[in-house]
Each structure stands twice: as structure tokens, then as C-alpha cells.
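Undergrad: Given these sequences and hints, build the entire structure.
The listed protein sequences correspond, in order, to chains A and B. Residue 197 in my numbering is what sits at position 197 of the first sequence, and the numbering runs on without skipping anything. Residue 114 in my numbering is what sits at position 114 of the second sequence, and the numbering runs on without skipping anything.
It should be emphasised that the hints constitute simulated quantities derived from the structure, not laboratory data. Backbone N, C-alpha and C fix where the C-beta goes; we use that ideal spot for every residue, glycine too. Mixed in with the good hints there might be a few duds.
What the hints assert, rightly or not - Heads up, simulated SDA-like pairs for lysine to any residue below, C-alpha to C-alpha not over 20 Å straight-line:
#: 1; chain 1: A; residue 1: K231; chain 2: A; residue 2: M1
#: 2; chain 1: A; residue 1: K72; chain 2: A; residue 2: E34
#: 3; chain 1: B; residue 1: K181; chain 2: A; residue 2: R38
#: 4; chain 1: B; residue 1: K181; chain 2: A; residue 2: E41
#: 5; chain 1: B; residue 1: K2; chain 2: B; residue 2: N168
#: 6; chain 1: A; residue 1: K72; chain 2: B; residue 2: R22
#: 7; chain 1: B; residue 1: K131; chain 2: A; residue 2: M1
#: 8; chain 1: B; residue 1: K110; chain 2: B; residue 2: N168
#: 9; chain 1: A; residue 1: K236; chain 2: B; residue 2: K181
#: 10; chain 1: A; residue 1: K158; chain 2: B; residue 2: G108
Claimed, not checked - Far from chain B, by Cβ distances over 10 Å, these chain A residues were calculated:
#: 11; residue: N14
#: 12; residue: L67
#: 13; residue: S84
#: 14; residue: D135
#: 15; residue: K146
#: 16; residue: F154
#: 17; residue: T215
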Amino acid sequence: MLTKRIIPCLDIKNGRTVKGVNFIRLRDAGDPVELAARYAEEGADELVFLDISATEEKRKTLSELVLRVAEKVNIPFTVGGGISSVDDVGMLLKCGADKVSINSSAVKNPQLINELVAKFGSQCIVVAIDAKMIDNQWKVHLVGGKVSTELDLFGWAKEVEERGAGEILFTSMDHDGTKNGFANSALAKLSTELNIPIIASGGAGSVQHFIDTFTTGKADAALAASVFHFKEIEIKELKQQLFNNEIPVRL
Amino acid sequence: MKIVIIDYRAGNIQSIQFALNRLGFTAELTDDAEKIKTADKVIFPGVGEASSAMQKLKATGLDTLIPQLKQPVLGICLGMQLMCSYSEEGNTKGLGIFEDTIVKFNHGVKVPQIGWNQITNLSSDLFKGVKENEYMYLVHSYYAPVCKDTVATSFYGLEYSTALQKNNFYGVQFHPEKSSKAGELVLKNFLEL
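TA: Dropping the structure here:
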């Protein structure tokens, strides 16, 4: 049986792992390669590296880090942040990334999704969507959440699927950093309306939140950062408790 | 031991190289027929789309070379699918090593299948020491139906072949290079064949 995935996310800035609260306040949380190896050892199913400063600073220096991670880690990982061209993606995959995640660049140029899928296949193209509820409507945001758009989350997600993306990583900006749980109703709607895997992101604070996002939220995978970095939740213990709650996980 | 990875620009080769390195081996990435023929072990990777991958194999004559190889050959993911007789993906005629037709998942499951699934009915030297129902990492939209060459199955809406074997030819749908310690054991078993 296909299992639900637990994905620690390593937000990278200047080569270090950081985690923002509501995308703004940043705290240093350690060396990414060390953390990645530790998570793989503890039973993480996948890893995500997001260079959160990349889009803002137009920086593309992840390849060296990707190479170091690929050398040391025996589980799949996704790389995102500031990726805006076929060449960027080719380089990251060549360095050993399994998937890449694109966000702002997909909104600015949706055709990029088609181009990447044609060149590298759906299986390695993740589209990350940051959204926030405004006047009772989920609106897509860009540049690490700083720029709002008129795009509706569900309409955009559908388009992303139609253009061939293999997976959607949905971050609720209203929930991110709050530790109050994931945006389960929006997630369940995405998961029902779309036929590609949905990764839940933003709001993890307790084991119960993960249980909820896999059941009520119908998520295929759940991503979190600080609860893992600061050892508030141990991955082994989390997966055992998911298992005890009859959620299929790899133990 | 001389290990080669067949080079036909099929994406994410680096991960396989690193996985072999972690096991204490190195492999040469090559499309040179002589080097491939004389290697002890041949790894046939693959990520991406079937028809364009097949075209690349044809362009270098690898399509006729691979089925003639006598040493152990391991096809991974798309590599395994290309070793079958036909793929629905891009209406692609494959290498015909396994008499199986690759079809798309189409029965109420999300496509692609992404994540860790269990492998069962293990019946190949490739799985020596690997326990039934072990988890492996998979990313794919097309699958190989169960056939006479099936040596492991997984379930995703239906039971399908997650590994095939015929004589010296082995194929795995999952990514051993990304499947933690269990995947490393499969690679190690292959290298010890």
C-alpha cells in the first residue's frame, strides 16, 4: 500500500537552515546537510530544500548544496527557490535532486510548467503554491508570500495539473508558523478536485495535526520545518502514532 | 568489478553513482558499446518519457546492444519499462526482453504514484535478505502488469509488477538508489550476482 509521506522542509538562506514565522522572522536552525542526513536516518520519507531568499535575490547557488546532499542522503529530495528556467532545472537534477519545485516563476510564465514536463517528465516537477484567505477566497501569493495576486488557489491548482505538474505543494500562509494545524478544508478540496498528489504545508504543531491533515485534509504528504528542527516532534514517534491511528506509513 | 551505467542522457544518474559510492563501488557512465559489453554489471537507468528515451537509445545503437548482453543487467524505473515489449506511453516499441506491455494507471488512483509502497511476492536473488512487504520509493505514471517474468509485485489500485526478471535481465520499478537501506541492499544484491 502506498504510504503517507512525512517531509521535513529545510528552508535555506545563505547556506544555513532557517525557519520563518509567517515568512518574516528568521531563526538559525543548523547545517542543511547534517540535518538532511539526520532526518533520513530517523525515517523521513522525503526532504524538501527551499531557498527562501532565492526569488527575492535572483540567486541560483543551490547546486553545490544539492550535490553535497545527494552524496550523503539515501532518500528522495526536492529543491525549490528561484528556479525559473529549463536550464536551472536541468542543472539541479544533474546534481542529484530528484524533483524541483517552482512557484513564482510558474505564475509569471505558466508555459514553463509544460516545458519542464516535456523535457524532464511530470514525476520531477512540483508546483508550490502559497495562498492566503482574503475576503473568504484563497488567493495565490508570490515571492515568499510578499506579493499578492488575483489568482484563485483552486483555479490555479487545476491549471497546474492540466499543464502536467506531478505534484502540488500547498502552503497556507494563514497557518504557516502558527502551529495551529494545517488548512485541512482547502487541502481536502484540492485533493478531491485534482488527481495528482497534494503535499500539505503550513501549521504543523502537534502529532494530531498530522493525523488530521491525512484524514480530514486528505493530504498525500505533510511537510513541516520547525517542529522537526527544534525536536518538538520526533519523526519516529510521529510515524508510530500515525500508524497507531491506522494511517499507512513506512515504519 | 567493472560497473557501467548506460549513458543515454536519461536524467538523475548522479543519485545512482552516489548510492554505489556509499556501497564502496564506482561506476562508469558510458554509451561505448565495447565498455558496456565487457562490464561485469550493467545498470540501465531512466527517468522521463518512453518514446523520446527510446529514440535516444536507437540513435546510438544501444537498442540492439542491450538485449544481447550476457552479464547481469539492472533496469531501473523507465529503464525497466523500456526493457518490455511495448509501452502505451508515446506508443513506444521497447527492447522486448520482457514480454510485458506498459500501461497507464487508470482506475481511481492519483497519477503519478509518488512515494513509498510495499513490495511483495519476492522471488529473485535480487531480494536476498529483503523482507516481504518492505517499502521502496516509487515515482511513476505507467506500470507493468503482472506477467510470467514478475518477481515482485506492489499494489496501487491493482496489483502490478514492481520487479521483473528473465535470465540475466533484472528490472525494478522502484528506485533502489533512493529507497534508504532496503534499496541499498537490492543494489548490493545485484552487484553480488
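Undergrad: None of the hints should be skipped; say for each whether it holds.
TA: These are the hints, each one checked on the structure:
no. : hint            : in the structure
1   : A:K231 - A:M1   : 29 Å, violated
2   : A:K72 - A:E34   : 9 Å, holds
3   : B:K181 - A:R38  : 14 Å, holds
4   : B:K181 - A:E41  : 9 Å, holds
5   : B:K2 - B:N168   : 16 Å, holds
6   : A:K72 - B:R22   : 8 Å, holds
7   : B:K131 - A:M1   : 15 Å, holds
8   : B:K110 - B:N168 : 34 Å, violated
9   : A:K236 - B:K181 : 16 Å, holds
10  : A:K158 - B:G108 : 18 Å, holds
11  : N14             : 24 Å, holds
12  : L67             : 8 Å, violated
13  : S84             : 20 Å, holds
14  : D135            : 31 Å, holds
15  : K146            : 29 Å, holds
16  : F154            : 17 Å, holds
17  : T215            : 17 Å, holds
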